[in-house]
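Number of protein chains: 6
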Amino acid sequence: MKEVNHYKVGEQVDNYLLIKSVTKGVTSNGKPFLTIMLQDKSGEIEAKLWDSTPEDEESLCPQNIIKITGDVTSYRGRNQLKIKTIRLATEMDQVRVSDLVESAPINEQDVIETITNYIFEMRNPKIQRITRYLFKKHQKDFMAYPAATKNHHEYVSGLAHHVVSMLRLAREIAALYPSLDTDLLYAGVILHDLGKVTELSGSVAAQYTFEGKLLGHISIMVNEVGTAAEELEIEGEEVTILQHLILSHHGKAEWGSPKSPLIKEGEILHLIDNIDAKMNMMERALNKVQPGEFTERIFPLDNRSFYKPEFQSNDAKVRS
Amino acid sequence: MKEVNHYKVGEQVDNYLLIKSVTKGVTSNGKPFLTIMLQDKSGEIEAKLWDSTPEDEESLCPQNIIKITGDVTSYRGRNQLKIKTIRLATEMDQVRVSDLVESAPINEQDVIETITNYIFEMRNPKIQRITRYLFKKHQKDFMAYPAATKNHHEYVSGLAHHVVSMLRLAREIAALYPSLDTDLLYAGVILHDLGKVTELSGSVAAQYTFEGKLLGHISIMVNEVGTAAEELEIEGEEVTILQHLILSHHGKAEWGSPKSPLIKEGEILHLIDNIDAKMNMMERALNKVQPGEFTERIFPLDNRSFYKPEFQSNDAKVRS
Amino acid sequence: MKEVNHYKVGEQVDNYLLIKSVTKGVTSNGKPFLTIMLQDKSGEIEAKLWDSTPEDEESLCPQNIIKITGDVTSYRGRNQLKIKTIRLATEMDQVRVSDLVESAPINEQDVIETITNYIFEMRNPKIQRITRYLFKKHQKDFMAYPAATKNHHEYVSGLAHHVVSMLRLAREIAALYPSLDTDLLYAGVILHDLGKVTELSGSVAAQYTFEGKLLGHISIMVNEVGTAAEELEIEGEEVTILQHLILSHHGKAEWGSPKSPLIKEGEILHLIDNIDAKMNMMERALNKVQPGEFTERIFPLDNRSFYKPEFQSNDAKVRS
Amino acid sequence: MKEVNHYKVGEQVDNYLLIKSVTKGVTSNGKPFLTIMLQDKSGEIEAKLWDSTPEDEESLCPQNIIKITGDVTSYRGRNQLKIKTIRLATEMDQVRVSDLVESAPINEQDVIETITNYIFEMRNPKIQRITRYLFKKHQKDFMAYPAATKNHHEYVSGLAHHVVSMLRLAREIAALYPSLDTDLLYAGVILHDLGKVTELSGSVAAQYTFEGKLLGHISIMVNEVGTAAEELEIEGEEVTILQHLILSHHGKAEWGSPKSPLIKEGEILHLIDNIDAKMNMMERALNKVQPGEFTERIFPLDNRSFYKPEFQSNDAKVRS
Amino acid sequence: MKEVNHYKVGEQVDNYLLIKSVTKGVTSNGKPFLTIMLQDKSGEIEAKLWDSTPEDEESLCPQNIIKITGDVTSYRGRNQLKIKTIRLATEMDQVRVSDLVESAPINEQDVIETITNYIFEMRNPKIQRITRYLFKKHQKDFMAYPAATKNHHEYVSGLAHHVVSMLRLAREIAALYPSLDTDLLYAGVILHDLGKVTELSGSVAAQYTFEGKLLGHISIMVNEVGTAAEELEIEGEEVTILQHLILSHHGKAEWGSPKSPLIKEGEILHLIDNIDAKMNMMERALNKVQPGEFTERIFPLDNRSFYKPEFQSNDAKVRS
Amino acid sequence: MKEVNHYKVGEQVDNYLLIKSVTKGVTSNGKPFLTIMLQDKSGEIEAKLWDSTPEDEESLCPQNIIKITGDVTSYRGRNQLKIKTIRLATEMDQVRVSDLVESAPINEQDVIETITNYIFEMRNPKIQRITRYLFKKHQKDFMAYPAATKNHHEYVSGLAHHVVSMLRLAREIAALYPSLDTDLLYAGVILHDLGKVTELSGSVAAQYTFEGKLLGHISIMVNEVGTAAEELEIEGEEVTILQHLILSHHGKAEWGSPKSPLIKEGEILHLIDNIDAKMNMMERALNKVQPGEFTERIFPLDNRSFYKPEFQSNDAKVRS
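Chains as they are written, first to last, in the numbering used here: chain W, 1 to 320; chain H, 1001 to 1320; chain U, 2001 to 2320; chain S, 3001 to 3320; chain P, 4001 to 4320; chain G, 5001 to 5320.
Same shape as in the complex, but just chain W (with noise of 0.2 angstroms):
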């Protein structure tokens, strides 16, 4: 199936989209019509849906999946897409949102095993519990949302992504670093961003809840190691100790964080979460471009725009 970002202009479409948002709109002649934003893996085209009836309205939802055959034509330097025929898929489609929206590329059985592996190295039975118990019950959750609405891991699966990468991050580190201890390394790895399944509104398309906006990823989830502890009959430093690595995991308050990291695996579970953050927005906007080319602003990175060397890719060819 042609992906939406390869038609171009006078090609017929006929393929399954995901819709991502839908407007309302009235033609000059007081005809109501929809604006529909559509998506797979390779990018969006927008459509318009002329002469609209209240049931399109209520069916045509995002994150719903539609089949739609139409024409391409351009609007201002854009292609848009002139509907001839549009339906919601069905069961019997066989299509499913995730082979519409990227997705992490990681396999959803490793993730679980690698995790479940750091824990299980975890030699304090209090850290190690904790842990568990959190990541057990958000374990669906985890590996299916988003690490971000935006900038960086913002696709499905990212916050798993993010967290398996930190955890290696970790665990070379405190290689090098031996005073450096992995239970509170890992354990605040794994919990630090757990609070976006609260946050969030869901794997896809993923909005801000009320509970995010209100009181945010970070108080969601101090508050859940406390709760844990309670249930678990769990006392001592360590639970403030973890209350803190995710309290103070943003590095100071301008960035969000009421208390700056006053363990030293909180700073560098801050340093750490930086690297893997940047790294992904890095690569991403420099796999867009050639060598010898700069990428497009990157606006979490100060809006800054990051060059390709051509050396690079010489060098390459070389070693290959």
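Just so you know, the hints here were simulated from the structure itself, not pulled from any lab data. In this text, all values refer to a predicted model and were calculated from it rather than measured experimentally.
Lysine-lysine pairs mimicking BS3-like chemistry, simulated, CA-CA at most 30 angstroms apart: (1) Lys8(W) - Lys20(W); (2) Lys1082(H) - Lys3048(S); (3) Lys5067(G) - Lys5024(G); (4) Lys3150(S) - Lys2252(U); (5) Lys82(W) - Lys4024(P); (6) Lys5308(G) - Lys1024(H); (7) Lys2008(U) - Lys48(W); (8) Lys3024(S) - Lys3213(S); (9) Lys3150(S) - Lys5213(G); (10) Lys2008(U) - Lys2082(U); (11) Lys4308(P) - Lys2024(U); (12) Lys2150(U) - Lys2308(U); (13) Lys20(W) - Lys2008(U); (14) Lys4048(P) - Lys82(W); (15) Lys2213(U) - Lys2041(U); (16) Lys4024(P) - Lys4041(P).
Listed next, the stretches of chain S that the computed footprint assigns to chain U, with coverage defined by at least 3 CB atoms under 8 angstroms from CB atoms of chain U: (17) 3206-3216; (18) 3221-3232; (19) 3236-3245; (20) 3251-3257.
Just so you know, even glycine gets a beta-carbon here, dropped at the ideal spot from N, CA and C.
Based on the hints, put chains H, U, S, P and G in the right spot on chain W.
Just chains H, U, S, P and G, lined up with the frame of chain W:
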């Protein structure tokens, strides 16, 4: 009994005093001595105990009351107490810590009644039950603790003093803006600093506790609201909003609130907190100076010196 | 008369409207036309007058009221008015600007009485005379002007509305903190924004004047207090303190006050100003949304969206 | 007469000195004494007057000149003066304050002529009259006051020194950019700091006055321009622009100007002020060090230490 | 030849213009077209070339001059050029880029003589030789380049214009403060922005080069001074100080200078740079408005609108 | 030989120590004396040499080793050394500076081998040659210098210690993100602080040099890469990118990098630098405290006190 701030050089002291801090030293010929900071309601005086014994070091701890005799001398322009005799006070001396430290000009029974009434007035049963539960749980410490280690209301029962003043402000302001929900305002006022009883070490010479340093009073109380709701089996947006009011009451991330107020009562709570804290600091500094003078610099008020107008005292005469 | 926000595409307009702004254009075949923004209390609508004459350009000025007929069409999703007939309204049409613009929910006579009473209560004759003199001098404009061109109280009589609310706050707060000098507080409230009548161009669609841009309402009124004192032959620290209250009421240099408050009543004036301005913004934004919804972003409140709790509406039902 | 900075330990002093400050103390055996800071043009020395009487305390006030004899000793590495005899100087001693304090290297008559000439050159009569009026009004203090209590031109006649240097800069810069209006530039220079004569307490050991603290020299002079214009019956935008030049000459809100310059001569006035103030600070600090050395840190220049190149001194030899 | 800014809708164009930028598009029926931005000294106009060929795309490049005929139409309120004929200009057309772009009001030979004279006046041979060497090396580009891509002196020869103005300022200021070393000041002025010839892509429509983006003109020229010193076999603190003057001329780290000036001539260089850049921006904006009007907002001057006084024009009449 | 930190009051010293600093003073009776700060690996002690001679002043310079005998006394609570005999150590005493100062726990030969290996692994010959050239050029100082005058790695061989740790981090992180170019990362690590050998005065008690103050280690090394490339006749973007990596490694303008990283390896270099510097500071501060305690405040880490958990020590016992 004469207070320490009123002794002159050359006078003899025979008095009960509270130990505020103790530092051990060694003279140039190798003999140990103790530098003891002693206080009563009027202020502080330094005393030196020469040739101190290990028993002295153990018994002369901060927060203990001692009976002391000695001479007032002057060292580098400040009074100093040359100890003749010193012993720990006992039950039979009938001197209490509260006799020797500054405390709020409030009556415990009145405060409890006042707050109980405000809680009683609440109409939303979820907000009422959580507020009552947490107030009851911490009532004893709430009555004794200061509102801070320094700056404003930093005396015995300062927290209760601060909360009662804020409740009155809240009632009057809500009367002028009827859209304000008094349930949220009163609950916010009562709970906003209640985490101080965990953040600080006690009612006298308070220090930050381990939990205070790693989590802070805001996160501590946000967690407690969550736990209270679970124990009381209360659900609904009221719980999240109460947590949000506490979380946001410092107003901005850089002032310690990871979320700014998103509920109008939260914004007003922040401003009421400001008014009462600032009035407390300004009034106490202005009480120490005469009309026509400037106060000493007040650090938390951007280091300003406030002016006490001359004409106000004149007016006052006219009025009386 | 139907208001402009309630017309639907296809309906015919026959109405009095206020001209808010006019822009001249030229069509591709060289014919002049006018784009006229029209408003009534409900909102705004754009109209096009094709083949406009020089006379049209001269008469169709901002702040004029016109009688218009035409059809409502839609252009790029927004309603537009296709003009059939348009003429200036005359005395005989008996339509006033105040019929077509939002204005404060206050009664002019009440406001004057209220403020006169507050001035009457003052005990210091110097403060009283300067305040009365300046209030009388600007009374007419004070009653009509907005408190700002945008953000808060930006409607007809917004300034008077703001001042009366602040006076009530001042009275209640001073009752709770008796050390506050009500003379200073009331005078500060009445004078703090009075320079707006010089800073802004008028009561409707206000722009910044030349003096407003170069000096600002704060410096303008500080100067006026000085001149008033000379004319009234008043001397003494009261004059300097009144000037200081005005000068410092924005609180900090970066907010426009070259001196921060050094008088406790100045600090409280700043906070009262904050409470009333913020309540005005929050209430008006919240009035536009349903319980359970967030408001649009409010730029001067750090671009926050405020939440309207669901349970409040429920409570309200219980209460009534 | 030997200056205080040139005395060595063990020498005997017999000299006239100015009292800069006095602090009262009490010895450990209860006897009062005075710590007196004395100065002449070369620097300062601390003196102790043991067993001081109430008469001593009254007569030995700051700004008085005394005749003193005593011995130079050393205390903690700094010279100290052990007083043998001390008495107030009288008319007959024929010593003036100006003999004992640093003052600008300028001649009063020259300054007055220079400034009178610049005013004479002005072509706009409104600007000329207001400037002349205010200069005449404050001429005596203008000639004696420092430009600041510290940092730059903080010596007798420093204000006049600063203004004359800036006028010369203004003339040369305007010659290079003929679009600059010299009337505005000269008037701006002459008036910009004239409010210092009200903001500061006097020409020697200046303190901030009550009006200085509550209004500041900028607001004070903006007001005076307004009053002067009324008295001279001058109207028109010249008045507002002169006020704006003064109001904006610190350049930005956070540097004390509630309005940034909106007239190009105001922007240049701000930069000329910067050049002259910084040259004054840099030259005086560099005069104290040898080629190849760094100066002490200069706090108002971002705490920088400036370097005095070695090759410049060599060049100088070549040139002579 | 009529300039593009003076054409009215309906007129016919027959003119030489410079191509500023070209964008390729495709119509909704799939035909390619070019949107060409054309300019002369008076401004810019957009042209559409429908049914463009691959040859068109290749030849119609930015910086080429073309001969064009067509009609002026209006599209969304802006003039547009409907192309009839278009061809590249040839040598025989005798039109130069300099005829079509704004350039500094300076004469190349005068500039070279002026700068040569300033260099000739230097007394320190090390400073003189390095400055002369680098000026000669880049003389050709120095004469043609702008001083920036936007904001100030952003036209052909803007860099030379800026430097010559600054040299004159430097001479006059040094005459008023004789302690200033003119060798350092002149060398600093001549070299401070010379790195722009490497940082920018050319004299017209300049872009940042690869080296410009990764190193910036400051680091580029600091390096060149080092290399020049090696090639000329010059050693001594003069080399380091010249590098420091360039390195520090933006004044502060956050403005791009990793070291703040530590040589007094460096501080003055920074202020002279400010004066000339700001005068250039203010004068050009003020030239576009009438007395009594405000300029458009000037972004690099903190987005201020400057006012052009009315009385200045009156004065001017009096003067002439 | 007993170390200075372990002496008690009353004990006799007979020891070799390093002079860290010397200050000259004069007693109240006019006799000169020297205050000498002495150190060994364990810490510092102050000594007084009374009645010092000009010969003493000349010979007792910082960085000299002396043989000293005397008594340990106490002055204001700190130990002080009352000198009996003091003489410069000679070759025959066989005491080296390295015996008396803290130095990195690394072996010189290992470091050289390690770094040589990393250079050997590089595949791009231009990067490899420049890195090897500069490393060889400064190898001797690189092995001896600290990485800073204070804060982190501020001991002998601190620079080498820091670089070797960072190389290991670089290798492990690059293994996890294969898109990272190890040539750039390794070269960046080796060169990033190499300018310190010019910025600082030596390996012990390092001060900032003249070049260090005026240019800083970043500009110094950017220049050296340029010169090295010329001498090695290397051209191409590799040179600019190496300069950029050094220039940008502080991350932001306000942290001393006029360009932020625009190459992904530069961003990672900055983060690796952070991790190793912070681990060094945190580990050394935590080594001084017991489990359950907070460290002293660490100024460069935003003045934080870090907590050493109690349970870690318990875990450690379990593990061993």
